[in-house]
Structures are given as structure tokens and as C-alpha cells.
Amino acid sequence: MRFYEYESKEIVRRAGIPTSKGGFAKTAQEARARAEEVGGPVVIKSQVLTGGRMKAGGVQFADAPDEAAEHAARILELEINGHMPRGVLVDGRVEVAQEYYAGVVWDGLRKQPVMLFSDMGGIDIEEVAERHPDHVGRGHFSNVLPFSDFQAKQVIASVGVTGRALTRLTPILTRLARLFVQRDMTLAEINPLAQLADGSFVAVDAHMEMENEARGRHAELLADLGVGEEETREAREATPFEIAGEEVDAQDHRGVAGNVTEFDGNLGLVIGAGGGSLTLFDAVRAHGGKPANYCEIGGNPSVAKACGLAKLVLQKPGVEKIAVMMSIVSNTRVDIVARGVIKACVELGYEPADKIAIFRIPGAWEEEGFKILERYGVPYADRTVSLNEAAKRAAEAVPA
Amino acid sequence: MRQDALFIGIEVDDEIARNKEVAVKLAEVCPVDIYAQGEDGGVRIVDANVDECVLCELCLDAAPNGTVRVLKLYEDGAVLSH
Chain W
-3 MRFYEYESKE IVRRAGIPTS KGGFAKTAQE ARARAEEVGG PVVIKSQVLT
47 GGRMKAGGVQ FADAPDEAAE HAARILELEI NGHMPRGVLV DGRVEVAQEY
97 YAGVVWDGLR KQPVMLFSDM GGIDIEEVAE RHPDHVGRGH FSNVLPFSDF
147 QAKQVIASVG VTGRALTRLT PILTRLARLF VQRDMTLAEI NPLAQLADGS
197 FVAVDAHMEM ENEARGRHAE LLADLGVGEE ETREAREATP FEIAGEEVDA
247 QDHRGVAGNV TEFDGNLGLV IGAGGGSLTL FDAVRAHGGK PANYCEIGGN
297 PSVAKACGLA KLVLQKPGVE KIAVMMSIVS NTRVDIVARG VIKACVELGY
347 EPADKIAIFR IPGAWEEEGF KILERYGVPY ADRTVSLNEA AKRAAEAVPA
Chain D
-1 MRQDALFIGI EVDDEIARNK EVAVKLAEVC PVDIYAQGED GGVRIVDANV
49 DECVLCELCL DAAPNGTVRV LKLYEDGAVL SH
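Order-wise, the sequence lines are chains W and D.
Using my numbering, the letters of the first sequence correspond one by one to residues -3 to 396.
Using my numbering, the letters of the second sequence correspond one by one to residues -1 to 80.
Among the hints, erroneous ones may be present.
What the hints assert, rightly or not - Straight-line distance between alpha carbons at most 30 Å, and here's what the computed DSSO-like set of lysine-lysine pairs gives: (1) K70(D) / K317(W); (2) K23(D) / K70(D); (3) K70(D) / K307(W).
Hints in this document: simulated from the structure, not taken from any laboratory.
Using the sequences and the hints given, assemble the complete structure.
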């Protein structure tokens, strides 16, 4: 889940990292009050979960509280990339001597967090990494073992920062790294991290994203920030297809048919099992298949749930066939899923053998499941067929 | 009484189907609520749940031997019965 900038800055502040003066405002009057509290020139920034604020006019500068209120009134009415602002952040303008970048992100390949630091802040770190790779320091660290300041110091020093700046920056990156782990973040970024004329540092802008599944562990923080339980904070609004997927999952407590995500291909996917969904989705694409959706089925869903999900996918415009694939299952019954997907075909008036490209779920009750599949002439594969091979067969059954 | 869904069929001897004690017991043991007590107190088979049968055979244990049968319709009507 993503946080707004004003929330991100609050998270950073609570971690002991200095931030620029300012505050959140929902109205022009509140924006005036925040500007008065700052007591000097301010910047008024639209609070939207999308980029391109500056270009769209969602960032304005003001020298006095009345001017801040005028800008805020306009920004609050300004739609940016289809998003209306939640409010504005009124921040004190700071005299910046130099801009730095400090970030921590999850490295899915190494399965560890990685710190990033650059002495070229204020612009996209990806751009800096591409054009000036020697200006980006990196360092992986354990999310289990205690974090040492020295690890942060090494990363900062690797881009040539020395002396007092190094000494002052080290605790900031250290706190950001600890925050990342303690708050279950997937991204914790300060950009720019500004060095002021007196040599001190403040976080001028921050961007935080938290693991969705960790929301329960940070309920207190989220309540403090005013994040409602109903707020998904996803990159885009759920589509009607995805909402229907949530409804299928919610209608029956047994098992899971979650994270239904819409794509525009012609091969429907009913996939799952302990990370198997991601593997299978990638494998289908690698073999030239065009998935119509992503989903995660498992946890021993009922026939009704498997049927509901398969029906939803089969009815999606453009879907020619579905592929039903999982890793070897122990806590999901093969025969129950087989009943569900076949039932979906039958109830929609299809021949299961015409609509199911492949059924590859080996595991608990597979003998019973295979009897059902044979009865309906559905092509199936046992554990001697790898996930990769199954994905290949699925992709070949429905040419893109 | 007999109720067939797409994959599973349930058959209960008529005499046993009228037995209120058996009806309560069947409703209690079935993990997927295939059985309920009808208005007359006897056995009622819940159509919508028949295909959810997990072949646990608890209903076969709960009723007198041979009076309840579970049929696997996908296997030429193979019968589970005690």
C-alpha cells in the first residue's frame, strides 16, 4: 500500500529523521494556518497518489499565508491523472545547498532489502543510476539480523561523501533502513534529502510503500495517520472484473480465490499454490501465452468457490480457454477443484474439454480428481509434468 | 429419497429419512451441510451442497448401516455405503 507524501513524511519524522517544517491541510483556510505556523515562504503540494504533480500545476510556491491559501484553493480542485487530491501539504521552503537521495527497496532476486544512496538527489534515482552509475551507492542488508550504522556509512562513502556530511548522513540512512524493516515497507525513499547551508540535513520529500499483508501489524500507525481500513491504496482502482473476483472470494469462507487481477489476453488462468501463481503467470508469458487474468487459488476452496472463479474468468470477454494449474498441493483437494472448474463450464453451457486447455494440479486426492477429468475428457497432467511444461501446453493451446 | 447433483448423488432410505434422530445426526456430522432437518423433522437434502461432498463417509457412519448411500456419478455411480 502506498502512502501520501504527508503521511510518508510523518513516518520518516517518527523514525527520528529531520523533516522540513509544514503540515497537511484539507482546506484553503487550513493551508493558510499551516503557512502561518511555518512563518516564511512555503511550497503547496497536491496530495495525490500519482506522479506528474509539478507539470500539472499541483505544486505552487507562496511567500505569504494568503497566497498559500489561494494556491491551495486551486490545487484542491485540480484533478491530476484522474486523481482528486486528498488535501495539500504546506511545507516550508528551505535553502538547499545540495540535494541527496536516500532509499531502501526490497530486492526480490536477493530476497533482501537494499540501501541506495546518491549525491545527486531531486531527480529519479533510475535516471541517475543509468546516466551516472558511479553516483549511486548500494548495499544489501539482512532484514533479520541487527542493522549496523557501519553498513549505511559504507554505502554513503561509496559515492565520495566524507567528513561531517558523512557523519550526519549515516544516522539518517541507518534510521531509514531500520524503519524499512520495522514497518514492513517495500519502498522507503527520501528524495530530495536536502543539505542546508548550515550543513544539517532534512527530508524534503518522502515516498513510502508498505507490504499490504502487514497492515494488521501496523494498525496503530495507520490509525494515527487516518488511513481507513477500506482504503486499498493500490496503483489503480480495481476493475469491475477484479471487484467481482473479490466477491467470489468473499461469498465463501472456504479456501482462497484472491488477488484476481485483470489483463487483456485470451487465456484465462485459475492458478495458485504457494507462489505458484507468479511462477505460472510468468511461464505462460515466457511461452508466448497472453493471460487474461492473474489469480491465487488455494487453501482448499469449496466447489462453489472454484466454480465461481472459473465462471468469472470464462465469462471475461476475449477468453478462449482457461488453464487450471497449481504446484503439488497438500492442503487443497484436486478433486474438489476439478469439480469446480468443470461445473463452471457445464453451467455456462460449454463442453469442459473445449474450454479447459490443461488441468495440472497434482497432490491430495488426485486419483479422484483424475477420474472426474477423464470422465469429461479434460486434458490433465500429473506431477511428472513440470509447471513450466504445463504453462507451455496452455500457451500452445490458445495461440496469442 | 435421492438427490443427484453433477458429480455426487445422495440416497437415503425413505424410512430412515423420516427418522428425526437420524436427521439431527446427519445434519450435525456433515462438514459441508448436505443434510438438514426438514419442516417435518425428517432428513432434508440441501441440493446446493451435494456437489460439495468431500467423501468423508461421516454420514454413512451416522446412519444405520446401508441406509445412506453416496454415489460418485462421475464413476458410473460407484456407491459409498456401510
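For each hint, the structure was consulted:
{"no.": "1", "hint": "K70(D) / K317(W)", "result": "27 Å, holds"}
{"no.": "2", "hint": "K23(D) / K70(D)", "result": "23 Å, holds"}
{"no.": "3", "hint": "K70(D) / K307(W)", "result": "23 Å, holds"}
Consistency with the previously given hints is maintained throughout, with no hint failing.
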